[in-house]
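Spelled out, the chains give:
Number of protein chains: 2
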Amino acid sequence: MPLKKNEVKRKKSVSFEGDQEKIILSKTYPTTGILSKIIVGVILLVLLYQLYMYIQVSIVAVPVLPKFDLNVWWGPNNTKVQDSSIRPYRIVLSDSMQENLRRKFESYRRATRIKSFNESSEYGINSDVLGQIFAHWQFKYNYRERARYLNKYSHFKTNVQGLDIHFIRVKPEITDNVKVLPLLLLHGWPSSVKDFYDIIPLLTTPRAGHNFVFEVIAPSLPGFTYSQGAVRPGLTTYQIAIIMRNLMEKIGFKQFYIHGEDIGSTIGSHIATIFPKQVLGFHTSTPVNFSKLAQLTLILGAVFPTYIAGDLADKVYPLKDKMNYFLEESGYLHLQSTKPDTVGIALQDSPLGLGAYIIEKYLLFTNPNNKNIQDGGLSTFNKMDLLDNVLMYWTTGSITTSLRLYKEVIDNYDTEEALTRIPTPVPTWGLRTKYDLIHQPDFILRWKYPNLVGVTNLDDGGHFASFEKPNEVADDIFKAVKNFLSKTE
Amino acid sequence: MPLKKNEVKRKKSVSFEGDQEKIILSKTYPTTGILSKIIVGVILLVLLYQLYMYIQVSIVAVPVLPKFDLNVWWGPNNTKVQDSSIRPYRIVLSDSMQENLRRKFESYRRATRIKSFNESSEYGINSDVLGQIFAHWQFKYNYRERARYLNKYSHFKTNVQGLDIHFIRVKPEITDNVKVLPLLLLHGWPSSVKDFYDIIPLLTTPRAGHNFVFEVIAPSLPGFTYSQGAVRPGLTTYQIAIIMRNLMEKIGFKQFYIHGEDIGSTIGSHIATIFPKQVLGFHTSTPVNFSKLAQLTLILGAVFPTYIAGDLADKVYPLKDKMNYFLEESGYLHLQSTKPDTVGIALQDSPLGLGAYIIEKYLLFTNPNNKNIQDGGLSTFNKMDLLDNVLMYWTTGSITTSLRLYKEVIDNYDTEEALTRIPTPVPTWGLRTKYDLIHQPDFILRWKYPNLVGVTNLDDGGHFASFEKPNEVADDIFKAVKNFLSKTE
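Going down the list, the protein sequences come from chains B and F.
Residue numbering for the first sequence follows the working numbering, beginning at 1 and increasing consecutively.
Residue numbering for the second sequence follows the working numbering, beginning at 1001 and increasing consecutively.
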């Protein structure tokens, strides 16, 4: 049944309800006679008070930061002594993996038997795009060479709260008196540390005019690729935030900077909220305030788009178009946040199905116009890069545990939302790309990030900022941290 | 992004908007002085008129029945002469299919590597349920025996509007002076003609006290299992309605009865609306009026549940619970109606993934409480029955074309909705099962079906009525048609 339209319908009907009420009121209590005036006045006062209390309690009030247990155990409850050391790790892409995939690819024709309508990518990944992905994967993707490439950075694993957490650690080569600042890079879904491969050398190389450089820690989120998933429910973004902070402490960093993207930005924001003294600065390429108040303001602001959103007006409004776009693109969110394990079975079992599911997001979220192109914009990407990321999910069999994160967010929504309402004093910098999914004006960001030092508007790029625009993002991180430092000096 | 909560939020915010407006009005125009009263009056009149026009035009008004082209060509545009005969068809389940599946099952461990949290089926199909499905499919499902069973009815194929349409046709054995009435059985998604295997003999066997019996025509919907899918966009439910009516005419039935379930009920309703003179009676186990007015009425009626819904009150309300339930269970709808081809790639390629995706619907829509059980209620089913249906989709590689129907419904929503507002004079009978997804009071059904002869409330069963309760559904169809006939006699 037509969900999309349902939405529109519900909205209309509710505002109709509002009008209806007004009409009933005006009919039942004509404004003549002192008594009826008093009655209307009292009713209005009661309504106003209820509204005021609702807004106060559920929308505006800043909740008290919940007390979190910082040592929740997410691994199996066994009596084995846990190896808590930090061990080197190497990514493996073997001939036998390739052989196994080749065998699976024998049934490729089956998956493409359904011809697309061939006009666009409007129905999802079409058979042309799938054919190109397949051909590249089957005939050009060189497993050994890619394994060498992926191992060019130092990989490690260590156990935090019962889970083996994987991370890349790259120290800069410094020659002169340059400060080394620890920077935690947090990827999103369906991304992996692979998204940071091009930006890492840019961040770890000293640059002129900057007396600092970064030491990069890029972990895989628990349940994503090389990091273990939880064995019980509840590992939502703020719990991952705690794991990430504990990981940084374990590596030896009491204080650090953060750059986050997509759900990694949410996690970074939670770290800055729960541990404000440990986060020296927060840079995000997904600058969004997810609080109810922010969303409400944008909805009410639809009446005066330019007044509310300024230069961003055409990115924030018209609301109906944005809402339709969101509904059209959020089917995967809806499914993942309700039945991750069901869709996960097919994605764990079909390499091409997994590839299509992941690559669709890269194609559509870098530029929504790719939807109208027959090849979905695939030709503008280096297919090797896209496949590296798919193989990280495939070889680790981790797509289901990654999908579960969305259900955890829904199941723990009250605390998730409360955290978006608690301002953090951490110096913050936002990078808005042209085609990102959500754009919000600065004043709304400031409710969550009162110490918003700056915002950069990039007239290019989309949701996967570091992957698409490593130079611009690296420049922006350097710029942001320079500003953070000058404020504290 | 928490879709579920988003919904609630939007609703709240919109009603807040309404209240806000009221407050602003009362502040800006205090009801003193004749001029301000006139201004308020005029504003209210304008609002009232706009509201009235909106309701009239977009919700209440009965649209004119659109003129449909009854011969749209959905097959390839080639110059080959089309075989338009009606050919016998046999379902094939071969050893090589089994062999191919066994090879695919070698990677089964991969799909179950992700252990479920094992408390419930809350995250979707869990590894216990998957394990049982797998074991039955791999070790107990006898392909040859099932093929014999599935071929016990006469199968046919014939080309209608460019597409090869498959159907089962079963004539009753009549000994005495009993009228034979043609009955079109329309299945839904993710069902197939398999759902009707137990009910067919009940419908084609004469019974005491009834001077009629049915000849059954059960087609596979275009794009579902053995019927070909369209090669271009647009084959939505009312276009399928036209194909089904043309099929019936081709077989030789100018007039016939219809029983529909799920989206098959929508199609049956459209046939009764577009061709009212050809439909002698319409029986549905999904008695729902999908018009905006129906939904609006149910939303407004939330204030007086018992008044609106009578005995059904606890099935229709509280609205918030029903809405949350709907959101929790409709992720697949959201995905299928926006990106059918993407998720289709994995489902075409992974037999276990397909099985899980389809069987989940059977488990949850027969009884929502199955969600809280570790085995998802699987033990209450005959697994052979569930797998027959999965194999029909698997062996024909038709899941993607079946998913596309949801996108077509969205893409053609205006006409779809208009058709729900055009009443049909066809005698109609509804069967409400206990656990069906949507329940509506009779008076709302009558807006669409003014000739609603009767409604049966079954205190058992769920969404797949014929599959779950063949005896009860057959009894009800006989009862309904007896009533239809007595009205015309």
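Treat the hints with care, as some may be off.
Claimed, not checked - According to the in silico footprint, chain B covers these stretches of chain F (three or more CB under 8 Å from chain B):
hint: 1; segment: 1207-1214
hint: 2; segment: 1278-1285
Claimed, not checked - The list that follows gives simulated cross-link-like pairs (lysine-lysine, BS3-like), each with its CA atoms no further than 25 Å apart:
hint: 3; chain 1: F; residue 1: Lys1322; chain 2: B; residue 2: Lys292
hint: 4; chain 1: B; residue 1: Lys320; chain 2: F; residue 2: Lys1320
hint: 5; chain 1: B; residue 1: Lys37; chain 2: F; residue 2: Lys1361
hint: 6; chain 1: B; residue 1: Lys371; chain 2: B; residue 2: Lys320
hint: 7; chain 1: B; residue 1: Lys407; chain 2: F; residue 2: Lys1037
hint: 8; chain 1: B; residue 1: Lys322; chain 2: F; residue 2: Lys1115
hint: 9; chain 1: F; residue 1: Lys1407; chain 2: B; residue 2: Lys320
hint: 10; chain 1: B; residue 1: Lys434; chain 2: B; residue 2: Lys361
hint: 11; chain 1: F; residue 1: Lys1322; chain 2: F; residue 2: Lys1371
hint: 12; chain 1: B; residue 1: Lys407; chain 2: F; residue 2: Lys1479
hint: 13; chain 1: F; residue 1: Lys1407; chain 2: B; residue 2: Lys115
hint: 14; chain 1: F; residue 1: Lys1292; chain 2: B; residue 2: Lys320
hint: 15; chain 1: F; residue 1: Lys1292; chain 2: B; residue 2: Lys407
hint: 16; chain 1: B; residue 1: Lys292; chain 2: F; residue 2: Lys1371
These are calculated hints, taken from the structure and not from any lab test.
Note that the Cβ used here is the ideal one computed from N, Cα and C, for glycine as well.
Structure-based check of each hint:
Residues of the segment 1207-1214 of chain F with a Cβ under 8 Å from some Cβ of chain B number 0, which does not satisfy the need for three, so the listed coverage is violated. Only residues whose beta carbon comes within less than 8 Å of a beta carbon in chain B count, and the segment 1278-1285 of chain F has 0; fewer than three means the coverage is violated. For the hint linking F:Lys1322 to B:Lys292, the alpha-carbon distance of about 22 Å falls within 25 Å, and the restraint holds. Between the alpha carbons of B:Lys320 and F:Lys1320 the distance comes to roughly 23 Å, so the proposed pair stays at or under 25 Å and holds.
The straight-line distance between the Cα atoms of B:Lys37 and F:Lys1361 is roughly 56 Å, outside the 25 Å bound, and the hint therefore fails. Our distance criterion of 25 Å between C-alpha atoms is met by B:Lys371 and B:Lys320, whose separation comes to about 19 Å. Taken as a hint, the B:Lys407 and F:Lys1037 pair is broken in the structure, with Cα atoms around 53 Å apart against an allowance of 25 Å. Proposed proximity of B:Lys322 and F:Lys1115 is contradicted: the alpha carbons are some 38 Å apart, above 25 Å.
For a cut-off of 25 Å, the pair hint linking F:Lys1407 to B:Lys320 stands: about 20 Å separates their Cα positions. About 16 Å separates the Cα atoms of B:Lys434 and B:Lys361, which keeps this hinted pair within 25 Å; it holds. For the hint pairing F:Lys1322 with F:Lys1371, the CA-to-CA distance comes to about 16 Å; that is within 25 Å, so the pair holds. Taken as a hint, the B:Lys407 and F:Lys1479 pair is broken in the structure, with Cα atoms around 45 Å apart against an allowance of 25 Å.
For the hint pairing F:Lys1407 with B:Lys115, the CA-to-CA distance comes to about 16 Å; that is within 25 Å, so the pair holds. Taken as a hint, the F:Lys1292 and B:Lys320 pair is honoured in the structure, with Cα atoms around 18 Å apart against an allowance of 25 Å. A hinted pair counts as satisfied when its Cα atoms are at most 25 Å apart, and F:Lys1292 with B:Lys407 does not qualify at roughly 31 Å. At most 25 Å may separate the alpha-carbon atoms for a hinted pair to count; B:Lys292 and F:Lys1371 exceed this at roughly 30 Å.
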